[in-house]
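K.L.:
Using the hints provided, position chain Y relative to the given structure of chain G.
Number of protein chains: 2
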Amino acid sequence: MAKDKKLVEQITSMEDDFAQWYTDVCIKADLIGYTSVKGCMAIKPAGYAIWENIQHNLDERFKATGVKNVYMPMLIPENLLNKEAELVNGFAPEVAWVTHGGAEKLQERLCIRPTSETLFCDFYAKDIQSYKDLPKVYNQWCSVLRWEKTTRPFLRSREFLWQEGHTAHATAEEAEERTVQMLNVYADFLENDLAIPVVKGQKTEKEKFAGAKHTYTVEALMHDGKALQSGTSHNFDDIFAQAYDVQYTDKDNTLKHVHQTSWGMTTRVIGAMIMVHGDNSGLVLPPHIAPTQVMIIPIRQDAEGVLDKAVEIKEKLATAGIRVDLDDTDKRPGWKFSEQEMRGIPVRVELGPKDVENGSAVLVRRDTREKLVVSIDEIAEKTAELLETIQKEMLDRAKAHLESHTYDAVTYDEFKETVNTKPGFVRAMWCGDKACEEQIKADTTATSRCMPFQQIRLSDKCVCCGKPAKAMVYWGKAY
Amino acid sequence: MAKDKKLVEQITSMEDDFAQWYTDVCIKADLIGYTSVKGCMAIKPAGYAIWENIQHNLDERFKATGVKNVYMPMLIPENLLNKEAELVNGFAPEVAWVTHGGAEKLQERLCIRPTSETLFCDFYAKDIQSYKDLPKVYNQWCSVLRWEKTTRPFLRSREFLWQEGHTAHATAEEAEERTVQMLNVYADFLENDLAIPVVKGQKTEKEKFAGAKHTYTVEALMHDGKALQSGTSHNFDDIFAQAYDVQYTDKDNTLKHVHQTSWGMTTRVIGAMIMVHGDNSGLVLPPHIAPTQVMIIPIRQDAEGVLDKAVEIKEKLATAGIRVDLDDTDKRPGWKFSEQEMRGIPVRVELGPKDVENGSAVLVRRDTREKLVVSIDEIAEKTAELLETIQKEMLDRAKAHLESHTYDAVTYDEFKETVNTKPGFVRAMWCGDKACEEQIKADTTATSRCMPFQQIRLSDKCVCCGKPAKAMVYWGKAY
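Those protein sequences? They're chains G and Y, same order as listed. Those letters in the first sequence? Residues 0 to 478, per numbering that gives the first Met the number 0, in order. Those letters in the second sequence? Residues 0 to 478, per numbering that gives the first Met the number 0, in order.
A hint or two may mislead.
No copy labels: a pair is met if it fits in one copy or bridges any two.
Capping the alpha-carbon separation at 20 Å, the derived lysine to any residue pairs in SDA-like fashion look like this [claimed, not checked]:
hint	residue 1	residue 2
1	Lys225	Gln19
2	Lys433	Gln139
3	Lys398	Glu413
4	Lys62	Ala441
5	Lys381	Ala468
6	Lys37	Gly101
7	Lys125	Thr22
Just so you know, these hints were derived from the structure itself, not from any lab. These numbers were taken from a predicted model, which means no experiment stands behind them.
Bound conformation, chain G alone (with noise of 0.2 Å):
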């Protein structure tokens, strides 16, 4: 047996340094590489797949509401985005700008998108004339650049992946109901493949996007008791469509305004799946966006019938729907067990001759480690069953997570010693004041993460300043 060079080293345990245990991952798990472009990863195959897996699911959603995809240009000329003074304040700080091409100095700059409201509002201004162009339900997978000062893998990087929505209606209604149904897709989503329950809300007006009418976001909560935003839905009323001026004729013959929405999600939920789900020998993907689902490992791979038989259950499997992979290499059992399971594949085949002598395999899983031995008759129904099992089983975890770190606090002392002692979300009651918001982010570094669509009257009182309190806040330290 080759001496194998790569071994699967020892990551950062998560209760020492969940940071370097979360860096750790991304690197041994093979997800991305560092470049010498600053600020930007490379994603590599490993990563990749799973983005593709996320982009196959969501977009699939995404076109069962009308969604159509399109493209439109990576940059945006100065004049463009001046246009909307809101944005304009939000994006200017960190935007990157183009200022020649090739040899020549540019008349106008341009700056590469870092999100696209202007370049749609510019389309549709042209595009739109009468109602019956309405709506227009438009999507584009792309990305977009923010010139960030520190970055993370995932959660924070220059340049990121993802797909933002952008629709135009007629009526305010319309484009409200858009805007709440885009959110429960997310959510769909976060839940049911990613395995990630979230807290579903509005932001307030200090969180909500640069320009926006309002926003809603789904919140989840990570193994380290902090939040992560995993995906915004805003509401633009018709405040764009009036500095960019995107008209139709309605059916009374009269110029109205539209009423657009756009919303996002990006490749940051690689990071909350990695920083929900992950332990300490590495990563544990739920399988309905597991790239492989199910890896084969024979012991003993040199004995006879062995590679025959696991062969034979590749296919089995393969021909069920099942993204199996045979690991057939010289390595030893040992390192490809933990190779499997740093690369967080969520079911493991263990097939040794004494297996097949009894017409038997074992399965493994990645989350619980808990092991079953089936039949090689019905495998492949029995490791579809266990997959399903895995995620929700998975998701019913990370359910009990959030619930058991999400506290109440009425008083500002409550408030500030269990945002300072228990990692979580904090609810607590908020009088509506931005003033509020300042204070605790001085005094604890929370934020206030949403105002949560299931409200509960915790008291009367603005848990900071102690004014009649206006909403009840999932507050936390966030990502």
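P.N.:
What follows is chain Y alone, placed relative to chain G:
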């Protein structure tokens, strides 16, 4: 019946003005829209859906040969670009430079990728250590930017979408094998999915990719007799590996440079498809790539049973895996026919009260306008058959056009007359000197398209200078 604003207006006939016909089709078939970003277009749903099918079918072929998808940054630091002299000289005049991040002037400027050899080399230099890490067969789907002066939809725009494969191999032989393999993938895709026959061959030194050892190409012939380079595959040998220091430790424990390839296909092929198959009624899409393969158009849809039967047919076809849509808007059938024809949908199902009575429907081919009456019981099988027939016959017609527009020339007078009077390819012998290529271009505007793999010895002398011939070359005026 409501008055419909969006008529299918007349487009310029291709005989009158082929260039204007092309632009009209791009606009009227709703493939693209103009933007306020100079030289960049918006790809609208009908255009992007074609690109999605191209991506899907190409990606499947790539993966079958072991290709894995990744994602590299869109920005290239200037010092990284500068490492390979030929590449810099080739691309420097046409890259866009980022000089500012937010309000800050950058210490080093970065260009937006015109192509990503530099980034993959930088990545491979870090990622490849041993012969065990080879081969690397990576690809990415992304957009690139080249600061072109004059632009045309799909054919030449500052930003365009493409895939770029970048591979690293232990040996020169393996790199050469991959270069040819990917060219064959392109040819197979173009012929079988886009119904575009191609000439496969090698580019001359003058026309090869900057920095490559040699470039292979697939050249297609448009309806107007102009050539279009439709995909290229480059063998870099170890030229880039030397410049970027991409080395591996071989089995014999010595350090060696890797051998690299790259290959790309772009949204240009959508332009090729339009110009090979389109007619004066608009787009004609090959069934394999058409987002909608069949449009059902009811005649007198208000008559009893017609719409119900149309829905039933839609379900039958969809169940058989056919991409089908039903136009049940309140436009007149004539309008609907024109729209379906403009959009290039391969088959139309016409269904009126009489058809319902007879249990039949009429299939109308977009390409030949032939009609076929079929029993509704058999409509799924008959339509599937017809789609394959159309696909095959579209390729046959394009092949016949290519053959009938390929001419041979032995003397220079013959050559010039043919190039100037007969749109198409001219095959002629060449001495191998760049001077003759330049002379021919100056005299005729034709360029060398490729030295085909299938060589025929038309004479012993260069058509231009009369010196001994080294190769037979396809010449043509090109997009």
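K.L.:
Checked against the structure, which of the hints given earlier come out wrong?
P.N.:
2, 3, 4 and 5
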